[in-house]
Amino acid sequence: MENNRFELNAQLAQMLKGGVIMDVVNPEQAKIAEEAGAVAVMALERVPADIRAEGGVSRMSDPEMIAEIQAAVSIPVMAKARIGHFVEAQILEALKVDYIDESEVLTPADEENHIDKSKFSVPFVCGARNLGEAARRIAEGAAMIRTKGEAGTGDVVEAVRHMRQMKKDIKELCALDPEEVMPFCRDNGVPYNIALQVRELGRLPVVNFAAGGIATPADAALMMQLGCDGVFVGSGIFKSGDPAQRARAIVKATAYFNDPVKIMEASKGLGEPMVGINCSTMADDDKLAGRGW
Amino acid sequence: MAKRDKIGVLDLQGGVHEHVYHLQALGINPVRVKEAHDLDDLAGLILPGGESTCLIRLLNIFGIAPKLKEAYADGMKIWGTCAGAILLSKEIENEQAQLGLMDIAISRNAFGFQVDSFNTKVEVPKVAKGEIDLTFIRAPKIKSVGSDVEVLLKIDDYIAAAETENCLATVFHPELTPSLAFHKYFVEKCGIAVTNGVNIMPDRTGWMKYARITSPNTK
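Here the protein sequences come in this chain order: A and B. Taking numbering that gives the first Met the number 0, the leading residue of the first sequence gets 0, the next gets one more, and so forth. Taking numbering that gives the first Met the number 0, the leading residue of the second sequence gets 0, the next gets one more, and so forth.
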C-alpha cells in the first residue's frame, strides 16, 4: 500500500469522530481542554468572540505560540489560515500542525479562490454552508468538513441551518435519476465526481463536524443528532464562567448525544455560559459565513 | 454468570464504525458498548483508536472502567488499537497508566505529527499468511514488553503488535485497511468461530453506512 496522503488525512479525522475540538489561546487552556477530554485543540491568538469585539484584520497566529501549544499537549493541534492564503498554510505545514483550518473566522486573503489543498501533505478542514460548498472544498483537497455557523456568537442557529441545508441537498441528490445529476451539479456548484460519491455513500465522503455558535452540552448533542460526526467549540468554552467544567460537560454530551438523561446531567450547574450575540439581530456585514463561497 | 459469547466495540469516541464494519464483514454482529452493562455478555472487547485522554475520561466518569476490569478478570479478552493500546499499557511514557492490563511500555504519538502518519505492508506470521496492510495514524510505539507478552510484530526499534493470553495490542489501525486478518485473529482468540471467508475486503468508505444522512443511490 503506497502512502496515500489524502486517505491518511481523512482517516485522522475519522479517529476524531464523536469528539470535541476546542479553541485555545495558550498552553494552559490547551491543557485544560486535553484534561477535559478534547480530541484536538485549535490553537489561535484570539477566540472568535474577541476577533468580533476587536475588529481589524485577523491573521494566522504567531507560530511560536502554536509551537508552545504543540509542546504542551499530546492530542492533535490544529491552526487556522486565512481563506486563500497559501503561504500561511505553508508556514503551518512547516510547523507540522496536525490540521489546518482554512477559516472564514480570519480575514480572507483572497475573495475569489481557496487554497489548492491537494498540494499539501498536511490535512485541511474547511467550512461549508451547503453541499455545493462542501463538495468544492473536498475537490480542492479538504480531508474534513465543518459547518460554517457564526463563530463567536454562542448562537447555534446558523450551524443548524447549514447542517439542515447539507442534509436536504444530499437527500435531493440521492433521490435524482442519473440524468438529473448533471443539472443538479450545475445549479448547486457541485463537482460531478464528488456528486457521484455522495450518491453512492448517502453522505459526504469525508468526516463532517459541527462548528460555529455551539455553547452548551445541548447544542453539541443537537448537532450530533442532526448527523454531524463531531463538534468544534470555539468561544463557548473559554468565554464561559467555568471553562473546565463546561468543557467536560460538552465532551460527555457529545459522546452520549442520544441519551437525554446523560445530557441533562451534563447540563446541570455549569455556571455562566458565554454572553452571546443573537444572529438574527446582526447586520449581514458582520456575519462571517459569507466569506468564501 | 454471563455466557460471554459476543464481541463488543467500545462506542464512546473514535474509530467505532470502522471496527463494527470489519466485524460485520466477518459475519459477527458486535455489541456497541456505551454502558457498563453492555460488557456483560462479551467474550471480547475492542478498544478503538481515537484519543486516549478522551476515552479514559469517559470510561471513568461513567463507571465503565471498573466494570471493564471485572469483566476482564472474568475472562473477557481485550484488543486495543492505537489509543486502545495506550489504555491497555501498564506503562505510558511520562504519564500515568490507565487500565494497565497489559505488561507493555508504550510511548504516545511516537512518530511525530500527522505528516508522519504512514501506510506499510508487512507479514505477521502468527496472524495471517502473506503481507497485510498496516495504517499508522499519529501512532504510539511499544518500547518494551514483560515476560508474559509475546511480540507479534517488530519494526525497526519498536514493537507494533503484541499479545498475552487475554490481550492484544496493535499500535496501527487494521480497521482502516482492507484487511480483515487481525479482526479474524481476535475473534478466534475469543473462542468464536468465523464462518465467513476473509475474502470480503471492506472499502475505505464502508464505515459510512453507519453514519449516513440518507439512503444512497447505489448502482
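Mixed in with the good hints there might be a few duds.
As the list claims (entries may be wrong) - With the Cβ distance kept under 7 angstroms, some of the chain B side facing chain A (calculated, not the full set):
#	residue
1	THR52
2	CYS53
3	SER106
4	ASN108
5	ALA109
6	GLN113
7	THR204
Because the hints were derived from the structure by calculation, they are not lab data. Using N, Cα and C, we set each Cβ at its ideal position, and we do this for glycine too.
Here is what the structure says about each hint:
1. THR52: holds (6 angstroms)
2. CYS53: At about 4 angstroms, which falls below the 7 angstroms cut-off, the nearest Cβ of chain A leaves the hint on CYS53 (chain B) intact, so it holds.
3. SER106: violated (10 angstroms)
4. ASN108: holds (5 angstroms)
5. ALA109: With a closest approach of 10 angstroms, the ALA109 (chain B) hint is violated.
6. GLN113: holds (4 angstroms)
7. THR204: For THR204 (chain B), the interface hint holds, since the closest Cβ of chain A sits about 6 angstroms away, which is under 7 angstroms.
Hint compliance for this structure: hints 3 and 5 are broken, all remaining hints hold.
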